[in-house]
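S.K.: Sequence:
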Amino acid sequence: MTDLPQEPASRRVDRAGVVIALALAALAVVLVWDSRQLPTTTMYGMGPEVMPVVIAIGLGLLAIGNLIDALRGNLPPRESADPKAVLLILGGLALLIAIIGLGGGFILATSALFVTTSAAFGRRAILADSAIALVMSTLIYLAFDRLLTLSLPAGPLERLL
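Residues 1 to 161 (UniProt numbering) are what the sequence shown spells out, left to right.
These are calculated hints, taken from the structure and not from any lab test.
FRET-style restraints, in silico, Cβ to Cβ:
id, residue 1, residue 2, range
1, P76, R159, 44 to 50 Å
2, I68, R146, 42 to 48 Å
3, I57, V19, 20 to 26 Å
4, I68, L102, 41 to 47 Å
5, L127, L148, 28 to 34 Å
6, G58, L38, 15 to 21 Å
Computed from a prediction, not measured in an experiment: that's the story for all the values here.
Using N, Cα and C, we set each Cβ at its ideal position, and we do this for glycine too.
Throw the hints in and build the complete structure from the sequences for me.
M.R.: Here's what the structure looks like:
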């Protein structure tokens, strides 16, 4: 008796993967459209509209790859959604917007997002994560503000620097 190789069972189209691919493509289109709305400030060379187009190209490539894998049924199986993790990340984004909107600045806002995201991924060291977040966001702020001379939202901590 010989063992013949079994043909893999035919895979079905992953509908969620197709939806994700379409969402990525739609986001790419929105980025390109929005970049075309920016006023041209340079007479020659590249202006501020170039980076959104570069990101849109990357998103378009991701959309194409995701669509191909979704149609072939090659996407890995997904785990069940954990609403707690999603709510923590959404809460972190809401905190980011609120802190910046209320004048708290980049460092505090980014730190809040970092801590809530790490908690969403299962980490429970809130004090250590807060310290790491403050150091990292301060270094990022200094790099943007001092080295690149790009302004980020300033709050009380940024004014001390």
